[in-house]
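Visitor: Chains as they are written, first to last, in this note's numbering: chain W, 27 to 261; chain A, 27 to 261.
Please keep in mind that the hints were generated in silico from the structure rather than gathered at the bench. Any given hint could turn out to be false.
The calculated EDC-like cross-link candidates involving lysine to aspartate or glutamate, where the alpha carbons are at most 16 angstroms apart (straight line), are [said to hold, decoys possible]:
#, chain 1, residue 1, chain 2, residue 2
1, W, Lys156, W, Glu111
2, W, Lys158, W, Glu110
3, A, Lys189, A, Asp222
4, W, Lys107, A, Glu135
5, A, Lys91, W, Glu135
6, W, Lys91, A, Glu135
7, W, Lys99, W, Glu54
8, W, Lys243, W, Glu202
9, W, Lys171, W, Glu238
10, W, Lys240, W, Asp169
11, W, Lys158, W, Asp195
12, A, Lys107, W, Glu135
13, A, Lys158, A, Glu135
14, A, Lys158, A, Asp222
15, A, Lys234, A, Asp222
16, W, Lys108, A, Glu191
17, A, Lys151, A, Asp195
18, A, Lys108, W, Glu135
Restraint ranges, calculated between C-beta atoms of paired labels, are given here [said to hold, decoys possible]:
#, chain 1, residue 1, chain 2, residue 2, range
19, W, Ile159, A, Lys108, 54 to 62 angstroms
20, A, Glu165, W, Leu102, 45 to 53 angstroms
21, A, Tyr261, W, Val150, 43 to 51 angstroms
22, A, Ala175, W, Gly57, 16 to 24 angstroms
23, A, Pro88, W, Glu238, 54 to 62 angstroms
24, W, Glu135, A, Arg115, 25 to 33 angstroms
25, W, Asn143, A, Ser180, 35 to 43 angstroms
26, W, Lys91, A, Arg119, 50 to 58 angstroms
27, A, Ile159, W, Lys151, 42 to 50 angstroms
Reference excerpt, derived from the structure (chain W facing chain A, CB under 10 angstroms, subset only) [as the list claims (entries may be wrong)]:
#, residue
28, Ile60
29, Leu75
30, Ala93
31, Ala95
32, Lys101
33, Ile106
34, Ser179
No experiment lies behind these values; they were computed from the predicted model shown. For glycine and all other residues, C-beta sits at the position ideal for the given N, C-alpha and C.
Number of protein chains: 2
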Amino acid sequence: MMEKVSIGWQKQRNKLNIQGEIEKAISEITGEQIDLIASGRTDAGVHSLGQTANFHTNSNIPIEKFALAINSKLKLSIRIKKAEEVDERFHSRYSVKSKKYRYTINNQETASAIFRNIEYHFPVKLDIQKMKIAAKFFEGEHDFKAFKASGTSSKSSIRIIYKAEVISDNGRIYIELTGNGFLYNMVRIIAGTLLDVGIGKINPEDIKSILESKERKRAGKTLPAQGLCLVEVMY
Amino acid sequence: MMEKVSIGWQKQRNKLNIQGEIEKAISEITGEQIDLIASGRTDAGVHSLGQTANFHTNSNIPIEKFALAINSKLKLSIRIKKAEEVDERFHSRYSVKSKKYRYTINNQETASAIFRNIEYHFPVKLDIQKMKIAAKFFEGEHDFKAFKASGTSSKSSIRIIYKAEVISDNGRIYIELTGNGFLYNMVRIIAGTLLDVGIGKINPEDIKSILESKERKRAGKTLPAQGLCLVEVMY
Numbered sequence: 027m028m029e030k031v032s033i034g035w036q037k038q039r040n041k042l043n044i045q046g047e048i049e050k051a052i053s054e055i056t057g058e059q060i061d062l063i064a065s066g067r068t069d070a071g072v073h074s075l076g077q078t079a080n081f082h083t084n085s086n087i088p089i090e091k092f093a094l095a096i097n098s099k100l101k102l103s104i105r106i107k108k109a110e111e112v113d114e115r116f117h118s119r120y121s122v123k124s125k126k127y128r129y130t131i132n133n134q135e136t137a138s139a140i141f142r143n144i145e146y147h148f149p150v151k152l153d154i155q156k157m158k159i160a161a162k163f164f165e166g167e168h169d170f171k172a173f174k175a176s177g178t179s180s181k182s183s184i185r186i187i188y189k190a191e192v193i194s195d196n197g198r199i200y201i202e203l204t205g206n207g208f209l210y211n212m213v214r215i216i217a218g219t220l221l222d223v224g225i226g227k228i229n230p231e232d233i234k235s236i237l238e239s240k241e242r243k244r245a246g247k248t249l250p251a252q253g254l255c256l257v258e259v260m261y
Numbered sequence: 027m028m029e030k031v032s033i034g035w036q037k038q039r040n041k042l043n044i045q046g047e048i049e050k051a052i053s054e055i056t057g058e059q060i061d062l063i064a065s066g067r068t069d070a071g072v073h074s075l076g077q078t079a080n081f082h083t084n085s086n087i088p089i090e091k092f093a094l095a096i097n098s099k100l101k102l103s104i105r106i107k108k109a110e111e112v113d114e115r116f117h118s119r120y121s122v123k124s125k126k127y128r129y130t131i132n133n134q135e136t137a138s139a140i141f142r143n144i145e146y147h148f149p150v151k152l153d154i155q156k157m158k159i160a161a162k163f164f165e166g167e168h169d170f171k172a173f174k175a176s177g178t179s180s181k182s183s184i185r186i187i188y189k190a191e192v193i194s195d196n197g198r199i200y201i202e203l204t205g206n207g208f209l210y211n212m213v214r215i216i217a218g219t220l221l222d223v224g225i226g227k228i229n230p231e232d233i234k235s236i237l238e239s240k241e242r243k244r245a246g247k248t249l250p251a252q253g254l255c256l257v258e259v260m261y
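Construct the complete structure from the given sequences, taking the supplied hints into account.
Guide: Encoded structure:
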């Protein structure tokens, strides 16, 4: 389980990426070539508090020392929180049961200097009660075609959202979604749509017809990456 | 009232500083030369959620537009939260009644990638109960000579701490001090001393004799700047 700051997961030529940094760190301590498999990609600007990844190794380093050892080779913007041995058949992506994402909106009048890179500042007053009601319409199994980045392909856009919550705390609003999988930009588009509910542009019950329409243009805007955080991956 | 990230307050030749940045921003919108007086200096690495400063202006910009206008000229690591008109005799430093500081210790096993610049990571298990008891010994009027950076001069090292609290929340420990004034490095040294209590190096009741000794070397280490935050200045 690892925590990272606003660097994309996937390897890209000449670009800083989490996967490459961690593979390099593990290679340094094990002397092996490492292929890291994550629970999924996260885009540049998106944070993680609980990303997971697996790799194969013949190293003799005791498992309880692994996190510490890898961290000693990593830059401070990436931290391994825990390492554990898993079954040979375990696969960080295919074995995922559910994932939890959080989108953070700073709803105070002024943006925060300190937290500006981990939240989206939106100073207009929001109707939290309506946003809470709207969130419930996302729960269950739906075709989320209207809530994925247009132009991206994926076999099916049907996903299950187990829990969709809007939490208000001290001027900040947290949109927390737990589901069996998420389409590209899906959380950021859902957050943008809930924002439209919050400002009264659409009604909570409109979510139902937007889902049914399967039309991207009927949903809200894709909110910026920095407000998004992968909180937990469950197996 | 303003929020800033880890940049020193005071002007220094060729160095980024909060005072200079804000003076420049206000000058740009008012066309005047601005002398900003803050509630006090903060060192590089120390954060503020509630620093205050005053200045004189003949500008016609309505007061309720001032914060927004200054923010439009400032880099995102400095945000003005509020501007208000005050009495001619008001002085940001001399009129201060009390200040509240918070020192944040991340007491989890692994450092945080996301919050690494606003907290001090200390993975050793701490006895919070003892730290809470120890904190109470700082409350009241004392000579805090043992708790100021050695070699720094100030007329008197007598200060009143109105409230000293140790709060534990989800693997993080917050040391919160409210007082009529603080000596150079005083909060960071108190935090370091409470850490010594937490690991059992000294007992809570030792605080009393350390205060009485007035010897810097008997108190704990000065914890790093990044864990410190000026939370509020009260008038």
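Visitor: With reference to the structure, classify each hint as holding or not holding.
Guide: Structure-based check of each hint:
1. Only pairs whose Cα atoms come within 16 angstroms are accepted, and Lys156(W) paired with Glu111(W) is rejected, the gap being roughly 45 angstroms.
2. Annotation: proposed proximity of Lys158(W) to Glu110(W) is violated, straight-line Cα distance about 37 angstroms (limit 16 angstroms).
3. Between Lys189(A) and Asp222(A), the direct Cα distance comes to roughly 20 angstroms. Violation of the 16 angstroms bound is thereby established for this hinted pair.
4. With a C-alpha separation of about 8 angstroms, the suggested pairing of Lys107(W) with Glu135(A) holds against the 16 angstroms cut-off.
5. Distance restraint check for Lys91(A) and Glu135(W): the Cα-Cα separation of roughly 12 angstroms lies within the 16 angstroms cut-off, and the hinted pair is therefore satisfied.
6. Proximity of Lys91(W) to Glu135(A) is assessed by CA-CA distance (about 12 angstroms); at most 16 angstroms being required, the pair is judged to hold.
7. Between the alpha carbons of Lys99(W) and Glu54(W) the distance comes to roughly 8 angstroms, so the proposed pair stays at or under 16 angstroms and holds.
8. Of the supplied pair hints, the one linking Lys243(W) and Glu202(W) is violated, its CA atoms being roughly 23 angstroms apart against a limit of 16 angstroms.
9. Among the hinted pairs, Lys171(W) with Glu238(W) is consistent with the structure: their alpha-carbon atoms are about 9 angstroms apart, no more than 16 angstroms.
10. Proximity of Lys240(W) to Asp169(W) is assessed by CA-CA distance (about 7 angstroms); at most 16 angstroms being required, the pair is judged to hold.
11. Straight-line distance between C-alpha atoms of Lys158(W) and Asp195(W) comes to about 13 angstroms, which keeps the hinted pair within the 16 angstroms bound.
12. Taking the CA atoms of Lys107(A) and Glu135(W), the gap is about 8 angstroms. The hint holds against a cut of 16 angstroms.
13. At roughly 21 angstroms between alpha-carbon atoms, Lys158(A) and Glu135(A) are farther apart than 16 angstroms, so this suggested pair is violated.
14. Restraint check for Lys158(A) and Asp222(A): the C-alpha separation of about 13 angstroms stays at or below 16 angstroms, so the hint holds.
15. About 14 angstroms separates the Cα atoms of Lys234(A) and Asp222(A), which keeps this hinted pair within 16 angstroms; it holds.
16. Of the supplied pair hints, the one linking Lys108(W) and Glu191(A) is violated, its CA atoms being roughly 31 angstroms apart against a limit of 16 angstroms.
17. With a CA separation close to 14 angstroms, the supplied pair Lys151(A) and Asp195(A) stays within the 16 angstroms bound.
18. Proximity of Lys108(A) to Glu135(W) is assessed by CA-CA distance (about 9 angstroms); at most 16 angstroms being required, the pair is judged to hold.
19. In this structure the hint that Ile159(W) and Lys108(A) lie 54 to 62 angstroms apart at CB is violated, the actual value being about 33 angstroms.
20. Taking the beta carbon of each, Glu165(A) and Leu102(W) are about 36 angstroms apart, not inside 45 to 53 angstroms as hinted.
21. Taking the beta carbon of each, Tyr261(A) and Val150(W) are about 30 angstroms apart, not inside 43 to 51 angstroms as hinted.
22. The hinted range of 16 to 24 angstroms is not satisfied by Ala175(A) and Gly57(W), whose Cβ atoms lie roughly 46 angstroms apart.
23. Roughly 48 angstroms separates the CB atoms of Pro88(A) and Glu238(W), a value that falls outside the hinted 54 to 62 angstroms.
24. Against the hinted window of 25 to 33 angstroms, the Cβ-Cβ separation of Glu135(W) and Arg115(A) comes to about 28 angstroms, which satisfies the hint.
25. The hinted window of 35 to 43 angstroms between Asn143(W) and Ser180(A) holds, with their beta carbons roughly 37 angstroms apart.
26. Roughly 51 angstroms separates the CB atoms of Lys91(W) and Arg119(A), a value that falls within the hinted 50 to 58 angstroms.
27. Separated by about 44 angstroms at the C-beta atoms, Ile159(A) and Lys151(W) satisfy the suggested range of 42 to 50 angstroms.
28. Interface hint at Ile60(W): violated, since its Cβ lies 20 angstroms from the closest Cβ of chain A, which is beyond the 10 angstroms cut-off.
29. At its closest, the beta carbon of Leu75(W) sits 7 angstroms from a beta carbon of chain A; the interface hint therefore holds under the 10 angstroms criterion.
30. For Ala93(W), the shortest C-beta to C-beta distance to chain A is roughly 7 angstroms, which falls under 10 angstroms, so the interface hint holds.
31. Evaluation of the Ala95(W) hint against chain A yields a violated restraint, the C-beta minimum of about 12 angstroms exceeding 10 angstroms.
32. Restraint check, Lys101(W) versus chain A: the minimum CB separation of about 9 angstroms is within 10 angstroms; hint holds.
33. With a cut of 10 angstroms, the hint placing Ile106(W) at the interface with chain A holds, because the nearest CB-to-CB distance is about 7 angstroms.
34. For Ser179(W), the interface hint is violated, the least distance from its beta-carbon to any beta-carbon of chain A being 32 angstroms, above 10 angstroms.
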